[in-house]
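Asks: Here is how the chains run, residue by residue.
Protein chains: 2
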Amino acid sequence: MHSRRTRRTFLQKTGALLGGLALSGAPVATLADTQGIQRRTPPPPGMNPFGVALVGLGNYATNQLAPALQETERCRLTGIVTGTPAKADKWMAEYNIPEQNVYNYETFDRIADNPDIDIVYVVLPNSMHAEYAIRAAEAGKQVITEKPMATSVRDCERMIEACDQAGVKLSVGYRLHFEPHHQEIMRLGQEQVFGPVTVVEASFSFTSRNTDAWRFSKEMAGGGALLDVGVYAIQGARYTIGEEPVRVRASGYNTRPDIFTEIYETILWEMEFPGGAVSSHSTSYSANVNRLYMMAPRGWARIEPAFMYNSVSGETNEGPMGYPHVTQQALQMDDFARCITEDETSRVSGEEGLKDMQVIEAIYRSIDRNGRWVEV
Amino acid sequence: MHSRRTRRTFLQKTGALLGGLALSGAPVATLADTQGIQRRTPPPPGMNPFGVALVGLGNYATNQLAPALQETERCRLTGIVTGTPAKADKWMAEYNIPEQNVYNYETFDRIADNPDIDIVYVVLPNSMHAEYAIRAAEAGKQVITEKPMATSVRDCERMIEACDQAGVKLSVGYRLHFEPHHQEIMRLGQEQVFGPVTVVEASFSFTSRNTDAWRFSKEMAGGGALLDVGVYAIQGARYTIGEEPVRVRASGYNTRPDIFTEIYETILWEMEFPGGAVSSHSTSYSANVNRLYMMAPRGWARIEPAFMYNSVSGETNEGPMGYPHVTQQALQMDDFARCITEDETSRVSGEEGLKDMQVIEAIYRSIDRNGRWVEV
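Chains as they are written, first to last, in my numbering: chain B, 1 to 376; chain H, 377 to 752.
In case anyone wonders, no lab produced these hints; they're calculated from the structure.
The structure presented is a predicted model; accordingly, all values stated were derived computationally and were not measured.
It cannot be assumed that every hint is accurate.
[To be verified] Keeping only pairs whose Cα atoms sit at most 25 angstroms apart, straight-line, the calculated SDA-like set for lysine to any residue is:
1) H:594 / B:276
2) H:466 / H:589
3) B:90 / B:63
4) B:218 / H:589
5) B:218 / B:206
6) B:87 / B:98
7) B:218 / H:466
8) B:355 / B:219
9) H:731 / H:507
10) H:594 / B:49
11) B:355 / B:368
12) H:594 / H:460
[As the list claims (entries may be wrong)] To give an idea of the chain B side of the interface with chain H (calculated C-beta under 10 angstroms), a few residues:
13) 253
14) 281
15) 372
Beta carbons are placed, not taken as given, at the ideal position from N, Cα and C, and that holds for glycine.
With the hints as extra help, turn the sequences into a complete structure.
Replies: Shown next as structure tokens:
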């Protein structure tokens, strides 16, 4: 059965949540506690922000993480790792990064000797997360890796092990844990505000036209839309229900084998949770959907679009959620910095990434077994 | 593969669609043909409207069909069949129905001799649809039956057979075929406006508190939320994709066996279509969702709420659909009247109801076989 947690317990468990709302250019917002959102814990007076190095200067690092690092209170962009000298020049100029804080993939390990860099944020193609997270840990740096954490359960375990041995913290770029609509659906679901959750529907698909991208390579991406964006749907069901799925079943489809030569175009899957909730999901590179929907006997909550950086919108049977925009990545990185300072495990720790990867591997096992139910 | 039908062919196939928009109290709307909606064919000059008898005066007959019959152009309410004398008195007074047009379930068959009644509309609990549709056909009357058409494929076949033998037409109360948002999603999907449909998600659940109702009796209702409202989700996928599913798989759940003693509380299912499209569905009496969502490589369409009488709303990736409210049941009944006049098969014929029932039985077979894929 679902445990009946109180609101207090819920907030204790999730810790200091949002912190401030990191509204661009605005003072820290004052969303009332009654809306389920906590303020950002301000940094200790005189705190020297942690230096962050971004590893891989692709689209996400360029357009999301670097701008977010201009809004963070507990960390700042101090280094970059890139194989492209032209990019290095551009970033050094734009973000005032000194030459000694610029690395390429050959010189990366020398980052160990650089006191300007406390946190290494791995933003490489999925298949490279494990290697660089482990090398960062071995260099004594705190580690954030983009989602999906890696491309196999085995790699996730290796990453956790390496960070444990090095005595550094590990977290995954699950930015939505710091977004108020998603924090609210966690509260509604986990606290059973509308009764125990019966069904979650969560789907994330987009039409990928750039079929030469690393996302279409099984070796680089590790498994198509499921790892890329389907992981948000897995996350959504898990944090809405507040339990771990016990078994899954799935089907993989491919209507365009000329384009999808290595990965599934579309995957549909279902999950069963120990308290009786079930969830239903789709993910595809030839479709468009972006939704997290929670159903319970006395109410529902919908976040749609759900998984965006800038246009998350939600409502419940009681009306619009109406939370303001936040810079999810700034809150995520500041919370990781806070965890380092306070020696706390991040709520988006490596274990969280590992659990998703266990589900993902179970989904692939189910597809291989013609959609049979398989234990996670 | 999907066939590439032209818009012309599509409109020919679906026939004269909406007709007018039956806006309550407003003149016939003039939605441009470019929006994919056709006007209602006006009745022939001097046409004497067909007389309709409603069989069963429950909520749907009382609050939807009788009011809709005040808006129809080709038919009018002339008779009632009820086992409750007090209801008969009320209806006679309210709708000016003469005593000789009032029947109960013992006297029902005498309707054969009543020239005021051309069409019998069966609005009884699901398990009684077959018996009364067949008796109406044997009385020589044209037949409409509420959805679900019946509670078994065998009954659907018997109904079709009886109507064929009696030389009368048979249709199912699939009102949404006459609703402009649904007509538009049919066009978008079947004409592949955004490319061939890849995924449809369609779900319909509501929280049923009145657990003593006939809906909770397997004998009366025939199968819980799936027959009751899940059938809309099956319909939605079939008419959006424009194909018949070839196989399905499903799971049935019950978290409250104290309440759901005879039927499943929740069913999740998937369907595969010959052109490569797939669909994903949920239906429940302990949840709330009401949505038809179409995905294709170049666009999407969402109708949400999808299956309501009065608040259908839709949008596509290009913006809101923005169609006005129509009285779906008035259009549905007028189109059936038109089919009688023009000796045409209704687009919501008995065959259409039979196909849904074949899917429903396949879903139950799959549940019985632990969720294995089964052919429809």
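Asks: Between residue 355 (chain B) and residue 219 (chain B), is the straight-line Cα distance small enough, at 25 angstroms or below?
Replies: holds (21 angstroms)
Asks: Mind checking the alpha carbons of residue 731 (chain H) and residue 507 (chain H) for me, to see if they're no more than 25 angstroms apart?
Replies: Answer holds: residue 731 (chain H) to residue 507 (chain H) is near 19 angstroms, not above 25 angstroms.
Asks: Verify the proposed pairing of residue 594 (chain H) with residue 276 (chain B), using a straight-line Cα cut of 25 angstroms.
Replies: holds (22 angstroms)
Asks: Given the hinted pair residue 594 (chain H) and residue 49 (chain B), is their Cα-Cα distance within 25 angstroms?
Replies: Outside the cut-off at roughly 65 angstroms; violated.
Asks: Measure nothing beyond the straight line between the CA atoms of residue 90 (chain B) and residue 63 (chain B); if it is 25 angstroms or shorter, mark the hint as holding.
Replies: Roughly 14 angstroms separates the two Cα atoms, so the pair holds.
Asks: Tell me if the straight-line CA distance from residue 594 (chain H) to residue 460 (chain H) falls inside 25 angstroms.
Replies: holds (24 angstroms)
Asks: Next pair to validate is residue 218 (chain B) with residue 589 (chain H); report whether the Cα-Cα distance is within 25 angstroms.
Replies: This hinted pair is violated, its Cα atoms lying about 53 angstroms apart.
Asks: For the hint on residue 281 (chain B), does the least C-beta distance to chain H fall short of 10 angstroms?
Replies: This hint holds: residue 281 (chain B) lies near chain H, its Cβ roughly 8 angstroms from the closest one there, short of 10 angstroms.
Asks: For the pair we were handed, residue 87 (chain B) and residue 98 (chain B), check the Cα-Cα distance against 25 angstroms.
Replies: Holds, at about 14 angstroms.
Asks: Straight-line Cα separation of residue 466 (chain H) and residue 589 (chain H) no greater than 25 angstroms?
Replies: holds (23 angstroms)
Asks: Does residue 218 (chain B) pair with residue 206 (chain B) here, judged by a C-alpha cut-off of 25 angstroms?
Replies: At roughly 18 angstroms apart (the allowed maximum being 25 angstroms), residue 206 (chain B) and residue 218 (chain B) satisfy the hint.
Asks: Straight-line Cα separation of residue 218 (chain B) and residue 466 (chain H) no greater than 25 angstroms?
Replies: violated (69 angstroms)
Of the numbered hints listed earlier, those contradicted by the structure are 4, 7 and 10.
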